[in-house]
Structure formats: C-alpha cells, structure tokens
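2 protein chains.
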Amino acid sequence: MVRFVDVANMTKWIAQDGVEPIITGMVDYLEQDFLRWELFDKTSRVPSHSDSGVIELMPTSDGDTYAFKYVNGHPLNPSRGFQTVTAFGVLANVSNGYPTFWSEMTLLTALRTGATSAMVARLLARPDSSTLALIGAGTQSEFQALAFRAILGITEIRIWDTDPAAMEKFARNMAPLGFDIVVATSAREAVRGADIVTTCTADKANATIVTNDMIEPGMHLNAIGGDCPGKTELDAEILRRATVFVEFPPQTRVEGEIQQLDADSPITELWQVMAGRAAGRTSAEQVTVFDSVGFAIEDFSALRYVRDAVDGTGFYDEVDLIANPADPKDLFGLVTAAAPVLV
Amino acid sequence: MVRFVDVANMTKWIAQDGVEPIITGMVDYLEQDFLRWELFDKTSRVPSHSDSGVIELMPTSDGDTYAFKYVNGHPLNPSRGFQTVTAFGVLANVSNGYPTFWSEMTLLTALRTGATSAMVARLLARPDSSTLALIGAGTQSEFQALAFRAILGITEIRIWDTDPAAMEKFARNMAPLGFDIVVATSAREAVRGADIVTTCTADKANATIVTNDMIEPGMHLNAIGGDCPGKTELDAEILRRATVFVEFPPQTRVEGEIQQLDADSPITELWQVMAGRAAGRTSAEQVTVFDSVGFAIEDFSALRYVRDAVDGTGFYDEVDLIANPADPKDLFGLVTAAAPVLV
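Protein sequences, first through last, are from chains A and B. The first sequence begins at 155 in this note's numbering and counts up by one. The second sequence begins at 155 in this note's numbering and counts up by one.
Quick caveat, the hints were computed from the structure, so don't treat them as lab data. Positions of the beta carbon are idealized from the N, C-alpha and C atoms, including for glycine. Worth double-checking, as some hints may not be accurate.
Unchecked claim - Covered stretches of chain B (in silico footprint by chain A; criterion: 3 or more residues with CB under 8 angstroms from a CB of chain A, positions within the stretch not fixed):
1. 208 to 216
2. 335 to 342
3. 365 to 375
As the list claims (entries may be wrong) - Per label pair, the in silico range of CB-to-CB distance:
4. A:R190 / B:D357: 47 to 55 angstroms
5. B:D334 / A:A491: 53 to 61 angstroms
6. A:A433 / B:A491: 54 to 62 angstroms
7. A:Q186 / B:R234: 27 to 35 angstroms
8. B:D418 / A:P420: 34 to 42 angstroms
9. A:G235 / B:D317: 31 to 39 angstroms
10. B:A429 / A:R395: 38 to 46 angstroms
11. A:D205 / B:Q426: 26 to 34 angstroms
12. B:A438 / A:D418: 57 to 65 angstroms
13. A:S419 / B:L193: 31 to 39 angstroms
14. B:Q170 / A:D471: 48 to 56 angstroms
15. A:D416 / B:P383: 54 to 62 angstroms
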C-alpha cells in the first residue's frame, strides 16, 4: 500500500503543526539536500506547453529515494476560477522501483517555495534585513510572509499587486497574525527602502515588474514568479548589476530571469555557497538576486518532510496502487482469481 | 475531485469486461491515436537509472488531454518477491492543467502491451498466421496470448522460458481457456515453424534470445522485452535481414533492438504504415520485426480507454487531489479555515 496525503489531510496537518514551524523544519531538510547536491540525479523538468499554460514533470533521485512532481502553470486560471498552479508528487524506492508515498502538492509547493526563498535570503540578504517588499499578492504571498518571519524574523511587509482585491485578501489574512503591513500604491513605493524584494507574479510575458532605478544598494531580490521560457519579471539591467544565484543552471538558463542574458553570463550555484565552495554576499552594498525557478530537489525535500511528519499521525490514507500477486510472475492470476470463468 | 482506479477496481473491471473484449476495444483507441500521431506532443521517456533498475516518466499530450505514466523496470525484482514492472498513470486537462483521472497501470500496461503487439501483428504478420511462439513466460505472457487470440484468432502457442515454474504457470493459466499449448524444451524448438515470435524477457543485458538461423522466411517478430540502453534480445543479424518497424524513432534508437545498429539504419514508423504513407509487409517471405519499446501515446490510449469504460460504473473512487479555494488566489484561506487561531 502507498501512503496518500490528500488535500483534506494536508490542510489538517498544516493547521495542526502550523505554517511557520513546518517551514522551519522544511528548511532543515532543504539544507540537508542542498549540501549533498552533487549526488542527486538531476535533469531539467520536462514541460508540455500549450496556448493556455504548461504541464511539467520534475523528477530527481538521491540513489535511495526517487521523487517526482507533476505541476501546471496556467496564468489565466484565476480569471476562470482555477488556481494558477496545482501539483502532486510521489516518492518511490529506488531499489525496487515501487512508489511509497503520494501527496497533494498545491499546498506543499506553496510551503516549499516559501521555505526555499527564506533559506536563500538568510544566506544572501544583509543580516540586518527587516523589511520585505512583496510584488504579487497571489497564492504564494502569504507563504512568503510567514516564511520570512519564521526564518529571518521579518514582520514589516510592503505589498503591491495590480489587483486591489488580492492585496485586500493578503492584508485580511496576514494583519491578524501580527505583521506590520503597508499596502502600497505602486511597485516603486513598495520597493523603496525595502531590504528584500520578492517578485511573485504570474503573467506569462517578458514583463518588467521591477526596474533597475528602483533597486537600492544592498537589496536582495527573490524572483520566484512561476517561470518558463518567455516569462520574466526583472529589468535585465538589474541582472547585469547584481550577483545572480541559481538552483540548477541548465534549467535556469532556459526558464529563469537570466534567459534575458547571454548563455555564459556569470552565475553562482546556491549549493556551492551553502557548501562553502563559492562566495555569497561579499559587501553590504552588493545587490544579490536569487533567480528562483524551483528545482526538483526542493520538492524531494518537501515530500520527505511531509512523509516523515505525518508518520504516526492520522493525516494520511493508504491506497492500493501496486498490484501484488503472490507469484510476481503471475500478474494474470489476479484476474482469474477475481473471475475464474469470465476471462 | 479526481477519479481513481486502484488495483482492486482495475481487477474487478477486467474480470467483469473480460481481457479479450478489453483488448479489442483498446486496439480501436490505439488505432485512433496512431492515426493522429503527428499532432501529439512527443518526447522520449525520462529515465532515472540505478544499479537495480530504472524508473521512467512517459508524458504526452494531444493538445486537449495530457497523460503521463510512471513505470519501473527492475529485472531482479521477481527473485525478491516483487514484480519486474509496476506502473501508474494520470490524465489531465490541458486547458487548465488540472489532473482528472488517475489509475494503477501495472495491469493496464500488461493489457496495452498485449493490445499494441496484436494490433501491429495484424498489420505486419502474414494474414494466414496461426502459431505464436512466446519466448518468456513472465507477467506479459498470458496477456500476449489473449491479445493474439482476440485480434488475430491465434490459439496455437509454443512457450519457452529458462524458468520451468514460469512455463508451468503459463500452461496452468491458459490451458483451461481453450489454447493449444506446447511447452518447448528450447527457444529454438518454440520458434521452429511459428508464424509470429514474441520475445518478452526481462534480463538487462545484451542477450541473444533468438538467433538469425532460427528465423524462417515470412516470420513476424514482436520484440517487446522491457527495453533500455544495454538491453536487447535479438541477434543483430536478424535486424539487418528484416524490415524493422518502430514507434518513436528517437526513443527506439536509444532503447530498442536497433541500438545494436548504426544510428541511420533503415526503419519504418508504424504510424506511417497505419496511415497508408509507408509500406508494411510487401511479400510472404519478408521477415518483419516490431522493435517495440513502448511509447507514451500507447499509455495515453489505454488510460483514455479505461477512463471511458469505467464511467458510469462503480469501478473507481474519487480522491481529493486538487486544493480548491473559493477565491483561487486565496490558497492560504484553506489553512486559516481549518485552524483560524493556530497559524
């Protein structure tokens, strides 16, 4: 039997353990996996593009455990009552190829994206950072706010979105939780004076959500908006001025902000900074950019975390996914056992 | 909600509808999809290799429906009480990226592989074919026998396997169903005089299960044993002598029997034969080979078939896989609704 965490159990588990404790625990798992980055089987995700969006598969393996995520990105979905991004994922045993764990990952991706953003900001932002500008008040925004509070202690948030209702939703959700929230009147106003800027917008276009003249010395930019070829958020001048950090270069070159730059533009791999093999921030004036596209190893960490966290709880079901004949060569026997005379 | 066919429901559905009627219906779906081959989004499957086997993802899309299969291949699994191949698959709606249908595919892959083999043999084998040699008595063998009877009316089977217990299992399963079965004492004896030869062995090695001198003029060979780089079953001389037909050339060049030949060796794409754009068998003496590796479009057809067949029956459950907030931008609201004070 395969353990299955559906949306109802995921929601109950998050409500019981709390978003911030979960993100704190998930950051530990992410750090463990980034520190053993080299041993993973790594491949760029496999996209299937259509006019309305993209469906992607994101596999990886550490040699013992295999994981993949199914995820879509459909920018116009909210206008039709659907979410931009939905996802689910599976863990499997490499030694026999059998799946062992299956989970919804719409909520889990929101948690892992917040956790990854905050883990990287703790590594790259100025240590005295206290203010976060959030450009984009969609699904990811609340998880960003809670992740930055859990990991960096940040409580001052400036929010901007072209959709006033989305900003109202963000303020309504977060104000009761002890944040100091400024609803800005423009991206420029939200960014001004912020220590960290997260862009999490969904348009599939080469948009310029943030321009170079808005960026002040010492800022850390966390560019996460669901990436794919033809979708960027940052003024290319920012990328030329800043030090750019990435997850898996072959994927980021195609999907990330740096698709705007030459294929050999300088980048630094995050795992190398975490392992002490490459420099992170080197001065208080430096502008740092996490050109985040989301890599399969982050989903591997998130799935591992939820698998371990729900063990011994009631927050999963068991599903009958793998046919299990007594004689492994007699799969057909399962059919005759069910209908001895009907075959 | 996503419809889910687990192993128990798959088994009950097969027992109710019957293997041969299902394979007959599935061949219709396969033919429909091969005839519109060009419009599919096609990519070689994405493997993750380990010392013990391989785990693969097989995605495709026709522009309206996306499908992928997860499948493993672990040749030593039966010796440890596990099956060589297990699988599951998903259908999704391309327009919004939401999954719609989820199914076990261990049994379904066995059905679709038999259906594909028989569909192709009806196209390429001599019309008077009446005898099938089966080299390999594992999981796939019974489904091959039933598929060839359903689609070509073949009831004479010669079986050979290095494992006598597997041959006994095959005879025990199939003899009561009206087949005329010869348990051979060698591959050579099984092949002698047969019209169609199926090789379905699992060793991950460049084995020579069938040699060129065993192959008689006019034979059709159906080489299906779970393929990957470094795994072949046929003497390369057979491939040079025969006309070779394949599913998706870029995948077959890497995984199929033709990995033994030069990268530009002559091959014919099956869909072109089915569409009347390329010749199939042109003489009664010609040796034809279906160098079958299994392509994603066949799983797409199989998933479509079972989705349609179980509609209106009790052979599926509904699972809560996609988070569905009333405001699509308020995913976080699902958490606060579950625990308004605990976040």
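Hints, one by one, checked against the model:
Chain A is given as covering the segment 208 to 216 of chain B, and this holds because 6 residues of the stretch bring a CB closer than 8 angstroms to a CB of that chain, at least three being needed. Three residues within the 8 angstroms Cβ limit are the bar, and the segment 335 to 342 of chain B against chain A gives 0, so the coverage statement is violated. Restraint check on the segment 365 to 375 of chain B versus chain A: 0 residues with Cβ-Cβ distances below 8 angstroms, three needed, restraint violated. Checked against the hint of 47 to 55 angstroms, the C-beta distance between R190 of chain A and D357 of chain B comes to roughly 33 angstroms, which is inconsistent with it.
Distance hint for D334 of chain B and A491 of chain A: a CB-CB separation of about 24 angstroms, inconsistent with the stated range 53 to 61 angstroms. Separated by about 44 angstroms at the C-beta atoms, A433 of chain A and A491 of chain B break the suggested range of 54 to 62 angstroms. Between Q186 of chain A and R234 of chain B, the C-beta spacing of about 29 angstroms keeps the proposed range 27 to 35 angstroms intact. A hinted range of 34 to 42 angstroms for the beta carbons of D418 of chain B and P420 of chain A is consistent with their spacing of about 40 angstroms.
For G235 of chain A paired with D317 of chain B, a C-beta distance near 55 angstroms fails the hint of 31 to 39 angstroms. For A429 of chain B paired with R395 of chain A, a C-beta distance near 55 angstroms fails the hint of 38 to 46 angstroms. Separation of D205 of chain A from Q426 of chain B is about 28 angstroms and conforms to the stated range, judged on CB atoms against 26 to 34 angstroms. The hint said 57 to 65 angstroms for the Cβ distance between A438 of chain B and D418 of chain A, and at roughly 60 angstroms that hint holds.
Under the hint 31 to 39 angstroms, the C-beta atoms of S419 of chain A and L193 of chain B, about 37 angstroms apart, fit the expected range. Between Q170 of chain B and D471 of chain A the beta carbon distance is about 25 angstroms. The supplied range of 48 to 56 angstroms is therefore violated. In this structure the hint that D416 of chain A and P383 of chain B lie 54 to 62 angstroms apart at CB is violated, the actual value being about 34 angstroms.
Hint compliance for this structure: hints 2, 3, 4, 5, 6, 9, 10, 14, 15 are not met, and every other hint is.
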